[in-house]
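*Asks:* Throw the hints in and build the complete structure from the sequences for me.
Positions in the sequence shown are counted from 1; adding 448 to them yields our numbering.
One should not assume that every hint holds.
Quick list of in silico lysine to aspartate or glutamate cross-link-like pairs, EDC-like style, CA-CA up to 20 angstroms [as the list claims (entries may be wrong)]:
| id | residue 1 | residue 2 |
| --- | --- | --- |
| 1 | K672 | D554 |
| 2 | K566 | D554 |
| 3 | K700 | D590 |
| 4 | K721 | E496 |
| 5 | K672 | D749 |
Derived Cβ-Cβ restraints for the label pairs, each shown as a range [what the hints assert, rightly or not]:
| id | residue 1 | residue 2 | range |
| --- | --- | --- | --- |
| 6 | W664 | K721 | 49 to 55 angstroms |
| 7 | R609 | L574 | 29 to 35 angstroms |
| 8 | P485 | A579 | 25 to 31 angstroms |
| 9 | K672 | F475 | 28 to 34 angstroms |
No lab work stands behind these hints, which were simulated from the structure alone. Ideal Cβ placement from N, Cα and C applies to all residues, glycine included.
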Amino acid sequence: MQAPAKAAKHRSVSYTKWGYIFILPFFAAFILFQLIPLGSTIYYSFFEYYRSGLKVIGPNFVGLANFVRLLDLDLPRYFGNTVIMWLIGFIPQIVVSLLLAVRFTDTRLRLRFQPFFKTVIYMPNLIMASAFAMLFFTLFSDNGPVNTALMAAGLLGEPFRFLSSVAGTRGLVGLMNFLMWFGNTTILLMAAVMGIDISLFEAAEIDGCTPSQTFWRITMPLIKPILIYVLITSLIGGLQMFDVPQILTNGKGSPDRCTTTMIMYLNNHLYSKNYGLAGAVSTVLFLVCAVLCVVVTRTLDKDERR
Numbered sequence: 449m450q451a452p453a454k455a456a457k458h459r460s461v462s463y464t465k466w467g468y469i470f471i472l473p474f475f476a477a478f479i480l481f482q483l484i485p486l487g488s489t490i491y492y493s494f495f496e497y498y499r500s501g502l503k504v505i506g507p508n509f510v511g512l513a514n515f516v517r518l519l520d521l522d523l524p525r526y527f528g529n530t531v532i533m534w535l536i537g538f539i540p541q542i543v544v545s546l547l548l549a550v551r552f553t554d555t556r557l558r559l560r561f562q563p564f565f566k567t568v569i570y571m572p573n574l575i576m577a578s579a580f581a582m583l584f585f586t587l588f589s590d591n592g593p594v595n596t597a598l599m600a601a602g603l604l605g606e607p608f609r610f611l612s613s614v615a616g617t618r619g620l621v622g623l624m625n626f627l628m629w630f631g632n633t634t635i636l637l638m639a640a641v642m643g644i645d646i647s648l649f650e651a652a653e654i655d656g657c658t659p660s661q662t663f664w665r666i667t668m669p670l671i672k673p674i675l676i677y678v679l680i681t682s683l684i685g686g687l688q689m690f691d692v693p694q695i696l697t698n699g700k701g702s703p704d705r706c707t708t709t710m711i712m713y714l715n716n717h718l719y720s721k722n723y724g725l726a727g728a729v730s731t732v733l734f735l736v737c738a739v740l741c742v743v744v745t746r747t748l749d750k751d752e753r754r
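*Replies:* Right, here's the structure in full:
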């Protein structure tokens, strides 16, 4: 009687072991390419470590001196530049994406050619930021097609120097971020809206709710988790903004450094081999992202936690 039981025990498969084996590559890559570099960056942020000509100075432990020095090097100003340009692109992005998501998923409208329109609005997301920046640099240059068209229409008497004004340059960066990412945001929000039980909308219509009441009372509360995800990922991406302003302004952040972002500032220290200050900038950026993500999550999710 015991022999069959022992045979069955030997034939059983340990699925737990295979689960750990399958997730091992992810954790190995995460530790090797993310966790170790992050720890190394934080470690060197407390050291004086830079290159002066052919001579390498350090690493010499200086404590919080690098972080104190950042306050004297206009880091708060570059953080403000980054947030302003992110908001210029994100606010219209979330508004337009919400509008398109609601309209595309409204079964009463029966919009035709939906796959075509979805493809068109997502296509800018497939274009490299460097190509997008070069395109806008050509379009909005002093003698570019946009100024030529505005002057031909009689709206301008002379070319408007978009790339020489603070509002113009920041507006172009925000516009590019909006055009590149609103398609991706629309697809995410459409998936969230489509996940809502259709019977809720039908019940609201029977009860006489207006489209506005249905949107604010049913749609918005139920897609809040996806909205939080979109906001956090957009915030992290916005604070890491680099390629668009870097290429558009040729790395100078002109005019008057109004488009210099935190990553552009970090890149300058890496280019000059000042690893201590570069590590301090990276650490500050990491802490700011972490704090803002926690604040956003706890603020928008407070009703569910209650």
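*Asks:* Work down the list of hints and note, for each, if the structure agrees.
*Replies:* Here is how each hint holds up against the structure:
1. Of the pairs offered as hints, the one joining K672 and D554 holds, with about 18 angstroms between alpha carbons and a cut-off of 20 angstroms not exceeded.
2. For the suggested pair K566 and D554, the alpha carbons sit about 14 angstroms apart, so the restraint of at most 20 angstroms is met.
3. Distance hint between K700 and D590 is fulfilled; the C-alpha atoms sit about 18 angstroms from each other, no more than 20 angstroms.
4. Taking the CA atoms of K721 and E496, the gap is near 11 angstroms; set against the 20 angstroms cutoff, the hint holds.
5. A distance of roughly 8 angstroms separates the Cα atoms of K672 and D749; the hinted pair therefore holds under the 20 angstroms criterion.
6. Look at W664 against K721: about 54 angstroms separates their beta carbons, and that is inside 49 to 55 angstroms.
7. Distance hint for R609 and L574: a CB-CB separation of about 31 angstroms, consistent with the stated range 29 to 35 angstroms.
8. The beta-carbon spacing between P485 and A579, approximately 28 angstroms, falls within the hinted interval of 25 to 31 angstroms.
9. For the pair K672 and F475, the supplied restraint of 28 to 34 angstroms holds, since their beta-carbon distance comes to about 31 angstroms.
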